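**Q** Sequence:
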Amino acid sequence: MDDKYKHIKDKYEGNVDDTVLTYLRRNYPVTTHYFDSFGDKPFKYISVDDKYRPLLSKKEFTTRIYNDLEYNGKFLNLDQSVVRRTIKMYLDYVMFD
0 MDDKYKHIKD KYEGNVDDTV LTYLRRNYPV TTHYFDSFGD KPFKYISVDD
50 KYRPLLSKKE FTTRIYNDLE YNGKFLNLDQ SVVRRTIKMY LDYVMFD
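Numbered as in numbering that gives the first Met the number 0, the sequence shown ends at 96 without a single skipped number.
One or more of the hints may lead you astray.
List time: in silico DSS-like cross-link candidates among lysine-lysine, alpha-carbon distance up to 27 Å [said to hold, decoys possible]: (1) 50 with 40; (2) 58 with 40; (3) 58 with 3; (4) 40 with 8; (5) 10 with 57; (6) 73 with 58; (7) 3 with 43; (8) 43 with 10; (9) 43 with 58; (10) 5 with 40; (11) 50 with 73; (12) 3 with 40; (13) 57 with 5; (14) 73 with 8; (15) 8 with 57; (16) 43 with 73; (17) 57 with 73; (18) 5 with 43; (19) 10 with 73; (20) 43 with 8; (21) 3 with 57; (22) 10 with 58; (23) 58 with 8.
Here are the computed distance ranges between Cβ atoms for each label pair [unchecked claim]: (24) 41 with 72: 32 to 42 Å; (25) 41 with 76: 13 to 23 Å; (26) 58 with 8: 14 to 24 Å; (27) 67 with 17: 17 to 27 Å; (28) 39 with 75: 34 to 44 Å; (29) 12 with 49: 27 to 37 Å; (30) 22 with 95: 13 to 23 Å; (31) 81 with 6: 15 to 25 Å; (32) 14 with 94: 10 to 20 Å; (33) 75 with 48: 14 to 24 Å; (34) 69 with 21: 16 to 26 Å; (35) 69 with 25: 11 to 21 Å.
Everything labelled a hint here was simulated from the structure, so no lab data went into it.
Computed from a predicted structure; not experimentally measured.
Every residue, glycine too, gets a C-beta built ideally from N, C-alpha and C.
Please put together the full structure from these sequences, using the hints given.
**A** Okay, structure coming up:
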């Protein structure tokens with residue numbers, strides 16, 4: 000893990016699940032777009048429900064992704080708080096980059 004992500008890793012130490020994190024990385028990709036009219040400011044988009052949406056609010060996407068996982072029956076054996084914290088950790092990683 001790179002040193003620039005160390006503060007995120009320390010923040011979520013112990014309350015996350017690596018299998019959920021791997022699943023999120025593979026199934027909820029993030030893309031970055033640069034628009035000439037906005038200079039160097041990147042805009043990030045995340046794919047949820049087969050649609051790319053602007054990644055603006057961690058709270059909104061935590062709920063969206065958790066509901067998607069619950070609807071598809073993924074990770075029902077894990078505690079809800081662990082899954083939600085893992086989602087928040089993933090979003091912190093992709094929003095910080």
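**Q** Hint by hint, say whether it matches the structure.
**A** Against the structure, the hints:
no.	hint	result
1	50 with 40	holds, 22 Å
2	58 with 40	holds, 22 Å
3	58 with 3	holds, 23 Å
4	40 with 8	holds, 25 Å
5	10 with 57	holds, 15 Å
6	73 with 58	holds, 20 Å
7	3 with 43	holds, 19 Å
8	43 with 10	holds, 23 Å
9	43 with 58	holds, 16 Å
10	5 with 40	holds, 24 Å
11	50 with 73	holds, 19 Å
12	3 with 40	holds, 19 Å
13	57 with 5	holds, 19 Å
14	73 with 8	holds, 23 Å
15	8 with 57	holds, 17 Å
16	43 with 73	holds, 25 Å
17	57 with 73	holds, 20 Å
18	5 with 43	holds, 21 Å
19	10 with 73	holds, 25 Å
20	43 with 8	holds, 21 Å
21	3 with 57	holds, 19 Å
22	10 with 58	holds, 17 Å
23	58 with 8	holds, 19 Å
24	41 with 72: 32 to 42 Å	holds, 34 Å
25	41 with 76: 13 to 23 Å	violated, 37 Å
26	58 with 8: 14 to 24 Å	holds, 21 Å
27	67 with 17: 17 to 27 Å	holds, 19 Å
28	39 with 75: 34 to 44 Å	holds, 43 Å
29	12 with 49: 27 to 37 Å	holds, 33 Å
30	22 with 95: 13 to 23 Å	holds, 20 Å
31	81 with 6: 15 to 25 Å	holds, 20 Å
32	14 with 94: 10 to 20 Å	holds, 19 Å
33	75 with 48: 14 to 24 Å	holds, 19 Å
34	69 with 21: 16 to 26 Å	holds, 18 Å
35	69 with 25: 11 to 21 Å	holds, 18 Å
In summary, the one numbered hint that this structure violates is 25.
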